[in-house]
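A.B. asks: Full structure from sequences and hints, please.
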Amino acid sequence: MSRFFDWTPDDNPAEILRPQSADDWRGLHERYAQAGDGAPLTRVLELAQEHGVVAIVIERRYIDADYRSEHAAFYSTTFRRYPSVCHRLHFFKSDVADDLTNLESLNDAYVGYSVMRPLRHAPVGKTMMAAPPELATGTFCSTSETVHLFGASLTARGMPFISQDAQFLRCAHAAQWMVLRHSSLRYDTPKWLTADVQAAALGGVVVGRQVPSEGLSFHQMLVSLDRLGLSPGRLPLPRSRADSRAAGHLSLPGVLCRHVNSQFPVIVVSDSHAWVVVGYTVSGTGPMHDRITFYRHDDAAGPYIKVPDPWNEPNAAHTPWALALTPLQRKCYVTAERAELLGSLWLQASADQMKTRVPESAALHGADVTFRTYAVPSWEFKRSLARIPVGEVAEMYRLAHLPRFIWVVEALDRDALESGKPDVVLGEVLVDATANHVGTHDDLTSMIALHVAGFAVSQSADHERVQTLTSPPPEGLYPSGCPAATA
Amino acid sequence: MTRPTTTVVSQPGQPAAGTLKDAVPATPSADDRSRFDRDMAALVTAEREADELSRAIKIH
Chain P
0 MSRFFDWTPD DNPAEILRPQ SADDWRGLHE RYAQAGDGAP LTRVLELAQE HGVVAIVIER
60 RYIDADYRSE HAAFYSTTFR RYPSVCHRLH FFKSDVADDL TNLESLNDAY VGYSVMRPLR
120 HAPVGKTMMA APPELATGTF CSTSETVHLF GASLTARGMP FISQDAQFLR CAHAAQWMVL
180 RHSSLRYDTP KWLTADVQAA ALGGVVVGRQ VPSEGLSFHQ MLVSLDRLGL SPGRLPLPRS
240 RADSRAAGHL SLPGVLCRHV NSQFPVIVVS DSHAWVVVGY TVSGTGPMHD RITFYRHDDA
300 AGPYIKVPDP WNEPNAAHTP WALALTPLQR KCYVTAERAE LLGSLWLQAS ADQMKTRVPE
360 SAALHGADVT FRTYAVPSWE FKRSLARIPV GEVAEMYRLA HLPRFIWVVE ALDRDALESG
420 KPDVVLGEVL VDATANHVGT HDDLTSMIAL HVAGFAVSQS ADHERVQTLT SPPPEGLYPS
480 GCPAATA
Chain L
0 MTRPTTTVVS QPGQPAAGTL KDAVPATPSA DDRSRFDRDM AALVTAEREA DELSRAIKIH
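Just so you know, the sequences run in chain order P and L.
If you read the first sequence in numbering that gives the first Met the number 0, its first letter stands for residue 0, the second for the next number, and so on.
If you read the second sequence in numbering that gives the first Met the number 0, its first letter stands for residue 0, the second for the next number, and so on.
These are computed hints drawn from the structure, not numbers from a lab.
This one's a predicted model, so the numbers in the text were calculated from it and none came from an experiment.
Keep in mind that the hints are not guaranteed to be accurate.
Pulled a few chain P residues facing chain L out of the computed Cβ check, cut under 10 Å [stated by the list, open to error]:
| hint | residue |
| --- | --- |
| 1 | P18 |
| 2 | H218 |
| 3 | S269 |
| 4 | L324 |
| 5 | L449 |
Where a beta carbon is used, it is the ideal one built from N, C-alpha and C, also for glycine.
C.D. replies: Below, the structure written as structure tokens:
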């Protein structure tokens, strides 16, 4: 398979594989990866098995725009010839017909695809596969893509993944590409190819040869993400569990979860490696630091890799989790941390006051309040208003003029949250994501609205008209509007 | 010419006197305001620290 002419040996449109044994899966791995390499492919095939895949359709002449861009920029310049076409593996949980006539009916059984580059040292190209079943109850970044396959339209859902080739692309490029492709699919931002990412990162604080790439500086990542339409922030991550517990709103789970909650996958870097935190699960009882499990897309290891303990990594490349690069959408001028500080300050005071006014039957009465922060497109927030049991408040939000993105700080009932109930929300604050002047505790110009226990207040942007409404406090809690939790 | 009939839709709620700060149920306590100031200062410090840390990092 490694030779140029073996890559597309005939004109057959596709192959169908029905792996049944470990040897079958191993054979598929050996077909594309050379011995000793291929951890991402191992994980892709493992993920397929976790989903119960029984059939794989291989498109053998797939023109992958990302790989084609790499080919044009690099692989076409080498003395040895590399094919410019890829294979694309489509994974199904139900069997496909030998003549491929039933593909359209298999949409529910479609797990996703993985592009195989004709590079035996780094075969896994663009990949879009569903999150593992164990993440189904977790919080994770996800988007969807329509896939056209022999006349059928299928939907792939998940978080985009790609591996580096260790020549043209490094982990820093791959991590950025994953974030940018997710952004493109979810937020309609431009679709950048791998070669675009490579080109955008050139120059600046150079730390080695650029082509073939010896790696990037953190500053190059900041610049390239900005050039490609995002607005990355950066924060240091606590180096130990004890430091994290003491860090308050800057704890490692705090920083990462605010962004995953927002469907903003976070790039984490150590001294030498970069990966993307794409989700988390919380289980058991006790301190959050002991209950949370993260999942990452690691271009060198594969998609959806479970990370039980960020401060006790078996691989030195992942030590320490030094910095979080938070790729905010362009118009999220306010950072998650600033939004949470302001929103929680005023929401806590309002909740404490309202507790003294509501009857014992109200959900707020006796509640232990904690907070969750996320950004969400305002149209998406408005689309989910049916979950709010106070009709007047939902109506106030529906008719409010809102920026494209808002930060939402939710007041949650801690007991309901820790017991895993779907209804956990007591109230919320809406913060204008474009108001980047949050700095003092008494500056509320960025706050659009506040609601807790049936009392709500809003202010308009242009005329600064302030309106209040008072409704009977709801007896029950209501579901979160967190976009990642409902992905 | 007959002008079309228009309906102006407004947000529900009663106009409140003063600002948003005047209309919220309560003002944060002095302790909470002090904590906000400390947390905000820590955030600014952390962002500066990130800039320092990032200079030594080569990602490959």
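A.B. asks: Against this structure, judge whether each hint is valid.
C.D. replies: Hints and how they fare:
1. P18: violated (34 Å)
2. H218: holds (7 Å)
3. S269: holds (8 Å)
4. L324: holds (9 Å)
5. L449: holds (6 Å)
Violation of the numbered hints given earlier is confined to hint 1; every other hint is satisfied by the structure.
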